[in-house]
Structures are given as structure tokens and as C-alpha cells.
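Top line first, the protein sequences correspond to chains A and B.
Be aware that the first sequence starts at 1, since it is given in full-length UniProt numbering, and climbs by one per residue.
Be aware that the second sequence starts at 1, since it is given in full-length UniProt numbering, and climbs by one per residue.
Rather than coming from a laboratory, the hints here were simulated on the basis of the structure.
Incorrect hints may have been included.
No copy is singled out in the list; a pair is fine if it fits within one copy or between any two copies.
[To be verified] EDC-like mimics (lysine to aspartate or glutamate), calculated; alpha carbons at most 16 Å apart, straight line:
no.: 1; residue 1: Lys99; residue 2: Glu34
no.: 2; residue 1: Lys157; residue 2: Asp172
no.: 3; residue 1: Lys99; residue 2: Asp145
no.: 4; residue 1: Lys18; residue 2: Glu4
no.: 5; residue 1: Lys33; residue 2: Glu103
no.: 6; residue 1: Lys18; residue 2: Glu66
2 protein chains.
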Amino acid sequence: MFTEQGYDGATVRAIARKAGVDAAMVNHWFGGKEALFAEAVLQLPFNPREQLTQVLGGGDPATLGERIVRTFLTIWDAHDGGIFAAMIRSVASHEKVAKALREFFHNNVFGQLAGVAADHGEIRSNLVASQMIGLGVVRYVARFDPIAASDVETVVKAVGPTLQRYLTGPLD
Amino acid sequence: MFTEQGYDGATVRAIARKAGVDAAMVNHWFGGKEALFAEAVLQLPFNPREQLTQVLGGGDPATLGERIVRTFLTIWDAHDGGIFAAMIRSVASHEKVAKALREFFHNNVFGQLAGVAADHGEIRSNLVASQMIGLGVVRYVARFDPIAASDVETVVKAVGPTLQRYLTGPLD
Chain A
1 MFTEQGYDGA TVRAIARKAG VDAAMVNHWF GGKEALFAEA VLQLPFNPRE
51 QLTQVLGGGD PATLGERIVR TFLTIWDAHD GGIFAAMIRS VASHEKVAKA
101 LREFFHNNVF GQLAGVAADH GEIRSNLVAS QMIGLGVVRY VARFDPIAAS
151 DVETVVKAVG PTLQRYLTGP LD
Chain B
1 MFTEQGYDGA TVRAIARKAG VDAAMVNHWF GGKEALFAEA VLQLPFNPRE
51 QLTQVLGGGD PATLGERIVR TFLTIWDAHD GGIFAAMIRS VASHEKVAKA
101 LREFFHNNVF GQLAGVAADH GEIRSNLVAS QMIGLGVVRY VARFDPIAAS
151 DVETVVKAVG PTLQRYLTGP LD
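Isolated chain A, as found in the complex (with noise of 0.2 Å):
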């Protein structure tokens, strides 16, 4: 339902219609829409929505883009990372998947970044996203040497001063 009505579009209670079971059950067994999608569709081993916010939540406003850079890859490298090729596979072969995606994006990451971003939060939280994305990729799917074997904290000191200026310095 997910990727014939997008994201926006599937509610929680015509899934679960679906499904034969109550809405209330969907929202007990996983936690809501954006833990749904993110479990059955993009098939993640953790809630992005609940690890932004933690990132977010605590420590320095200074070294926030190393703490990102150092949740995903920690998250990851823990993780097989054939999961994320499988996330990167599906959005490149289905555009409607690609579009929930987006729409999953929009509402459970992108409002969180441009929360913390000094201005222009929209394309400030594309460019992290760019980056974070392009990071998987290289390390987990094309897996190029050497970043694909280095450990979390080179990646870290090399990537998270990136993220900052994405999102809090000077873009022009």
C-alpha cells in the first residue's frame, strides 16, 4: 500500500483493513506509520525517526556532524550491509518507492535537520542527506578501498566537519 498510494497516502487504518486486524494493533506491533515503512519497505534495522532525534537531543550543537557520521556508520557497520544495497536497489529500480521515500524523508528526517539548521533548512537536510547516502554507498555497496575498511573515527574526523557546514555553515 505503501508504494501504490505512497507514503502520504497509505493510512495506518487502511492497512490494517487490509491486513483484517485493528488499526490499534498495527500502532502497538510497530510503533506506527513511519516505523512500518520503515520495517516492511525500506526493511531497516533501526528507526531513523528515533535515532535522528537521540542524535539531535544530545551533546554539543558543535560536533553534530560528527555525531551523525558516527551513529550511521556505527548503526550500520553493525548491521549487513546488504540491507542498505537492498534500500539503494529498490529506490533506483520503483519510482513509487523512490517517491514514498521522498515523502518518508520530508516527514520523519529532513523537518528534524532543518530544525537544528541555521537557514535554508530544506536543502541544507538534502545535502546531509547526499552525503550520508553517498557514504553508504561507497562503503557498503560499491565498497571502495579504503573507506570501505577504515575505521568509524577516521571516516568521522573526515566527514563530520561536511555535515556541520552543511547544516549550520555558510552554503554560498
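Given the coordinates of chain A, assemble chain B onto it according to the supplied hints.
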């Protein structure tokens, strides 16, 4: 043969033999192995090695990051974003394609980038690749707003300094 034997393993001579033609003819029509791979496997509408040579060769070293972003976007904007999606899909679907891509980038892209890097050429060229691949995914595959619709110079100003630092700035 590229996906069966890898980029390094597949020789123009062997490819020509399998096609029942002379190796000189393959070189004449495709312009060598890297052009053949870029055209036949990646289905790129341009030769990455040649484009990179042009970008690296002309202009102020201090604007190299901006020129790489401008060239990348100008070329891809002029072609169907579907080609970028197909390339990403192929790399994410077949480990053998990913391996051939690694060898292709190692031989034809990373070496040139490393040549202009301040030091640590390999990780610097990987970092450049991570930002450019991610930018391509966001603009042409996932099509996040507003990056998908931003004019080239807006993105050049935002992302250029990232590449400049990756190539010549401090990484830790």
C-alpha cells in the same frame, strides 16, 4: 566478460576474440578498455577519465572542487537521470559489477584525483566519490526536493567547498 572476469581480468584481446573481431578494431571503435567498460557496462553517456582529465587540467586549483561539481551536474543534467539510476541499480544488484566498478574507478578516476590531493590520495578520492555519488542519487534517483530542482550554480556553491577540502584540506 567484465562482470565474469572483472575489469582487470578482461583483456581487450579476449573480448575481441569472443566477438570474432580484431582487437585493433575494438580499440578503434571504442577507444580502449576503459571507454568500452564505461559504454557497455555502466552505459555512461560520457567517458569519465577524459572528463576528469579536462577538469583537472584547466583552471585555478582553488576552484577545483566547484569545477568537479559543475561538470558532473552539467553532464548528468543533459542526459536522462535514468542512466544514473540504472548504474546504481546494477552496482547494488550484482557484486561482480560492483567489483568491476571498483577496478574501473581505481584505474581511471581515483589515480587522477589522488594526483592533485595534498596527501592520503586514496581516501581523499574515495571521499570525493562518496559526495558525488550521493549527490547523483539525491538529484537523479531519489529526487529529493529542493536539490533535484536546484540550479547548477546553487549546488556548485554548496558542494564545491566539500570537494575542495576532501582533496586539499585537513581531514582530521
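Evaluation of the provided hints:
1. Lys99 to Glu34: within (14 Å within a copy, 34 Å between copies)
2. Lys157 to Asp172: Answer is between; shortest inter-copy Cα gap is 5 Å, intra-copy 23 Å.
3. Lys99 to Asp145: between (32 Å within a copy, 11 Å between copies)
4. Lys18 to Glu4: within (13 Å within a copy, 44 Å between copies)
5. Lys33 to Glu103: For Lys33 and Glu103, the Cα distance is within 16 Å only inside one copy (12 Å; across copies 42 Å).
6. Lys18 to Glu66: neither (43 Å within a copy, 51 Å between copies)
The structure does not agree with numbered hint 6 stated previously, though it agrees with all others.
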